[in-house]
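Asker: Here are the chains, one letter per residue:
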Amino acid sequence: MILDILRKNDAEVIRHDERLIITSVPNEKLEEVAKELFSANCYYATGVGVDERGMSQGFAIYHIFNCENEGKYIVIKTFARNLTIPSITPVIEGANWAEREAMDMIGIKFDGHPEPERLILPDDWPEGLHPLRKDFPYNKRPPSIKPKSRVKKKDPNTIEVPVGPYHPALHEPESFELYIKGEEIVEAKYKGFHVHRGMEKLAESRMTINQIPFLAERICGICGFTHSCAYCQAVEDAAKIDVPERALYIRTLLLEIERIHSHLLWFGVVFHLLGFESGFMHTWRIREDFMNLAEILTGNRKTYGMNLIGGVRRAIDESKKRKVMRIVEGSKRDTVEIFDNVMGMRELLNRMENVGVLPKKEARGIGVVGPTARGSGIDTDVRIDHPYAAYGELEFKVPVYKTGDVLSRVLVRYEEVLESFWIIEQVLDQLPQGDIINENYKIPEFAIGLGATEAPRGEDVHFLITERENKVYRWHPRAPTYNNLPALPIMLVGEKLADAPVIIGSIDPCFSCTDHVSIIDAERGKILWKGPLNEGVRTWGG
Amino acid sequence: MFEKSLWVFHLNSGSCNGCDIEVLNIFAPRQDVERFGIKLVGSPRHADAIAFTGPITRESLPKAVEALKAVPEPKLLLAIGSCACGGGIWYDTYAVIGGVKEFYKILKEEYNIEPPTTIYIPGCPPKPEAIIYGVALARKAVKQKQKKEIYIEELNEDMRREIAEILFSEAKGTRHFLPNIVVKTKEGEENES
Amino acid sequence: MGRLRLIGKAISIGRVTEKYPFAPIEVPEGFRGKPVINPDECIGCSACANACPPQALQVYDDLKRGIRVIHFFLGRCIFCARCQDVCPTDAIRLTKEFELATLSEEDLHQVVELQMVRCKECGRPFDTFRHVIYLAKELPPEQRTMMFLCPECRAKKASKIISFAKGGGKIV
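Residue numbers (our numbering), protein chains in the order written: chain A, 1 to 542; chain E, 543 to 735; chain B, 736 to 907.
Derived by calculation from the structure, the hints in this document are not laboratory data.
Everything numeric in this text was worked out from a predicted model, so none of it was measured.
No residue lacks a Cβ here, since even glycine has one placed at the ideal position from N, Cα and C.
Please note that a few of the clues may not be correct.
Away from chain A, derived, C-beta distances all over 12 Å, residues of chain B [to be verified]:
1. Gly768
2. Ala786
3. Gln790
4. Tyr795
5. Lys891
Derived DSSO-like pairs: lysine-lysine, alpha-carbon spacing no greater than 27 Å straight-line [unchecked claim]:
6. A:Lys323 <-> B:Lys891
7. A:Lys320 <-> B:Lys754
8. E:Lys546 <-> B:Lys754
9. A:Lys320 <-> B:Lys799
10. B:Lys831 <-> A:Lys323
11. A:Lys323 <-> B:Lys744
12. E:Lys682 <-> B:Lys754
13. A:Lys140 <-> E:Lys647
14. E:Lys581 <-> B:Lys799
15. A:Lys332 <-> B:Lys744
16. B:Lys799 <-> E:Lys685
17. B:Lys831 <-> E:Lys690
18. E:Lys689 <-> B:Lys831
19. E:Lys685 <-> B:Lys831
20. A:Lys140 <-> E:Lys581
21. B:Lys754 <-> E:Lys581
22. E:Lys685 <-> A:Lys146
23. E:Lys690 <-> B:Lys744
24. E:Lys687 <-> B:Lys831
Some chain B residues close to chain E (C-beta under 7 Å, calculated; not the full set) [claimed, not checked]:
25. Thr752
26. Lys754
27. Tyr755
28. Ile760
29. Pro763
30. Phe766
31. Pro774
32. Pro788
33. Phe808
34. Pro823
35. Glu834
36. Leu835
37. Glu840
38. Gln845
39. Val847
Based on the sequences and whatever the hints tell you, model everything.
Answerer: Given below as structure tokens:
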């Protein structure tokens with residue numbers, strides 16, 4: 001069915017196998033193909049702009065769609081003519097940021113884009129300099145220029161509450177403007193990408209292909225191992241490397257440990273935002289056991305550093321297996337007890353029920369992923385739709401709730417933690433013998449690969465083009481929060497100011513995952529709920 | 543116990559959150575630094591110390607300077623993690639200033655501010671106990687363990703003799719098809735610097 | 736009532752806080768702590784500097800003094816242990832040290848300086864003594880003849896030998 005759509009529109013198939021279809025379409029047919037793929041229930045994952053002057057001709061953009069029904073990823077490529085490509089944002093809303101990112105970093109113009117504004121680069125970056133072009137050296141630092149001032153219209157009935165970038169309630173630098181009338185939020189704006197570090201450019205220049213797993217792990221300190229796995233999977237896909245089974249099972253074990261620690265962390269943060277400090281302390285107490293477990297298995301509490309292309313670096317022996325089992329059993333009892341108590345507290349539930357609702361239709365249109373989508377009734381999980389690592393051989397359920405409020409997202413994550421305990425037990429039972437790494441591989445030049453994993457926050461997609469001599473030509477990690485942030489204005493508008501922290505916290509935002517490369521302007525509101533703002537925030541907030 | 547309490551303002555200048563979660567972790571029950579009188583405050587004006595993480599991205603630079611200026615003297619800066627101590631894995635990219643050393647240079651040149659007393663806590667991310675050790679060092683409750691180490695190898699006769707031995711002890715027994723080369727090398731061996 | 740049961744749970748668990756820093760804590764085997772270069776084992780091959788992702792290990796040659804400097808900056812280290820993986824003589828190893836805080840940035844450096852061999856033809860230092868000895872032990876005796884030439888002089892010599900073997904030119 002997908003192939004019919006593609007053939008009808010003069011698509012040239014570059015690669016077609018059971019996981020991935022890569023095609024090239026002419027400019028004029030791009031919008032048509034995008035519209036038909038979207039109606040065939042493929043949602044938009046990400047878009048990657050590439051400077052292909054070293055490979056073939058000019059500049060190109062790759063749009064990536066996730067077709068859960070057929071279990072495939074579809075990549076549509078098109079070349080720019082005179083640096084211009086027709087925009088597909090009028091048809092697919094999720095492409096808005098991807099195209100703005102390509103505009104900033106490569107300099108492609110998108111015909112018909114509704115808001116072609118700067119997204120990723122800092123405010124004081126000069127115009128006309130595009131970092132991801134091949135003739136821009138990665139360590140060149142152009143001088144600052146004075147940023148353009150933004151004209152804001154003031155409605156006398158609304159009050160603007162600037163929050164951030166440094167604010168007591170926030171752990172990451174991000175800045176929000178919430179426009180309120182009385183107690184109700186009418187508009188929310190977000191200015192982010194304070195965490196843009198230039199990682200994609202670094203990976204293309206100074207790093208070799210086997211050093212990038214360590215770079216990918218530091219995209220985010222909470223879900224780092226997922227990024228490193230997705231990168232290794234992308235290279236193994238591009239070069240057709242066979243990873244030994246034992247390594248796949250070890251990767252699965254560590255991925256689930258990471259999911260548990262991330263969800264427990266999130267519960268602590270949400271309880272803290274609701275004012276329930278005991279819940280914060282108890283969940284972080286349970287989480288500490290998993291951090292110690294990670295230290296025993298990998299040598300560090302976070303940033304496990306276990307992945308290399310072709311496998312993992314350390315093996316797991318019998319005594320470590322026993323430790324894992326003991327900790328999992330103890331924590332399971334503990335977690336269930338704490339949560340039974342919490343769910344019995346009516347005052348907490350009142351603050352979470354019917355707050356921050358995201359309807360299913362809007363969620364699909366934006367392309368939200370992960371527990372945010374599963375809380376709104378969308379049954380999507382990369383572990384089931386596009387199985388990777390050892391998930392194809394394990395049995396587990398994916399919880400889906402349909403209300404779309406904060407409580408449903410809490411319940412989704414709680415059940416995922418219980419499922420993770422069950423998955424770890426299966427992995428330890430079925431752990432096969434054998435090698436842990438396969439280092440006999442050759443990496444072809446200019447091969448395209450795609451690696452996708454289910455991070456604790458949602459689907460994480462890495463797109464990769466290899467180059468000769470152990471290097472990478474283009475690498476684009478798309479973190480899950482990138483797709484979830486545009487859902488915030490829908491969830492926030494109409495709610496009371498006091499509910500905003502919980503709503504924002506409920507999508508489990510991870511700004512450093514999102515800011516790796518470009519600037520994202522998301523409208524995010526964080527409300528002030530602790531007292532007067534200090535001068536530092538006022539001088540440049542908003 | 544530590545002599546005085548310490549009120550800390552947490553400033554993230556573009557880090558990946560690994561170090562920030564470890565900073566939050568020291569308030570969890572396992573480490574519990576609140577028993578030492580350390581607490582996180584919401585405003586830089588109330589703080590004695592800044593917990594600084596991140597390699598200072600270009601976008602967050604002016605904001606970090608403002609927040610730093612707002613902390614009253616005498617202040618202490620805890621540079622936590624490899625990004626703050628030396629710029630981290632991306633110390634030389636276009637979007638990053640590169641660690642507290644470069645930050646202090648900019649503070650001095652453009653804003654004319656003297657650098658504050660700094661404690662460097664390396665790690666990626668540092669263990670919560672390592673952060674507690676850093677704070678204890680600031681409060682003079684423990685002694686510093688990490689010191690600079692330099693080793694300089696001296697040039698001596700043993701090295702040359704060993705090389706000559708390896709080269710010629712085995713080569714003597716073999717028939718080399720270009721004996722000139724061997725002889726020349728032997729002479730040249732004595733003239734080696 | 737959920738809250739009362741939570742209090743009961745907290746009481747039954749008891750005290751979980753560690754006594755650190757007033758009592759030491761143990762770290763597991765295989766913990767990735769501070770890397771230390773053993774100056775007696777290091778041969779100056781710079782495999783670690785090639786593998787280090789943040790370039791915390793840097794190796795550069797001081798040609799005037801004829802020494803190779805291996806410079807390790809602990810502040811930028813990401814504790815990934817790649818240097819330990821690739822070192823041929825096991826000279827750099829990650830210890831269990833994690834108490835690494837310092838009051839000055841100077842204390843975060845470790846420097847090892849090794850003497851270099853000078854080329855017989857052009858006199859330029861091209862490799863450390865220790866590395867040349869290490870390689871010489873690996874090579875069969877016939878192939879050790881050009882060990883004291885720098886790479887450029889070696890290439891010139893090799894081309895002369897080849898042309899001589901093919902019947903042209905002379906070896907002087």
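Asker: For every hint, state whether the structure bears it out.
Answerer: Quick rundown of the hints versus the structure:
| no. | hint | in the structure |
| --- | --- | --- |
| 1 | Gly768 | 9 Å, violated |
| 2 | Ala786 | 7 Å, violated |
| 3 | Gln790 | 8 Å, violated |
| 4 | Tyr795 | 16 Å, holds |
| 5 | Lys891 | 26 Å, holds |
| 6 | A:Lys323 <-> B:Lys891 | 61 Å, violated |
| 7 | A:Lys320 <-> B:Lys754 | 26 Å, holds |
| 8 | E:Lys546 <-> B:Lys754 | 19 Å, holds |
| 9 | A:Lys320 <-> B:Lys799 | 53 Å, violated |
| 10 | B:Lys831 <-> A:Lys323 | 21 Å, holds |
| 11 | A:Lys323 <-> B:Lys744 | 24 Å, holds |
| 12 | E:Lys682 <-> B:Lys754 | 18 Å, holds |
| 13 | A:Lys140 <-> E:Lys647 | 18 Å, holds |
| 14 | E:Lys581 <-> B:Lys799 | 54 Å, violated |
| 15 | A:Lys332 <-> B:Lys744 | 15 Å, holds |
| 16 | B:Lys799 <-> E:Lys685 | 40 Å, violated |
| 17 | B:Lys831 <-> E:Lys690 | 18 Å, holds |
| 18 | E:Lys689 <-> B:Lys831 | 16 Å, holds |
| 19 | E:Lys685 <-> B:Lys831 | 18 Å, holds |
| 20 | A:Lys140 <-> E:Lys581 | 40 Å, violated |
| 21 | B:Lys754 <-> E:Lys581 | 18 Å, holds |
| 22 | E:Lys685 <-> A:Lys146 | 47 Å, violated |
| 23 | E:Lys690 <-> B:Lys744 | 48 Å, violated |
| 24 | E:Lys687 <-> B:Lys831 | 13 Å, holds |
| 25 | Thr752 | 5 Å, holds |
| 26 | Lys754 | 11 Å, violated |
| 27 | Tyr755 | 5 Å, holds |
| 28 | Ile760 | 6 Å, holds |
| 29 | Pro763 | 12 Å, violated |
| 30 | Phe766 | 9 Å, violated |
| 31 | Pro774 | 4 Å, holds |
| 32 | Pro788 | 5 Å, holds |
| 33 | Phe808 | 6 Å, holds |
| 34 | Pro823 | 17 Å, violated |
| 35 | Glu834 | 5 Å, holds |
| 36 | Leu835 | 5 Å, holds |
| 37 | Glu840 | 6 Å, holds |
| 38 | Gln845 | 5 Å, holds |
| 39 | Val847 | 5 Å, holds |
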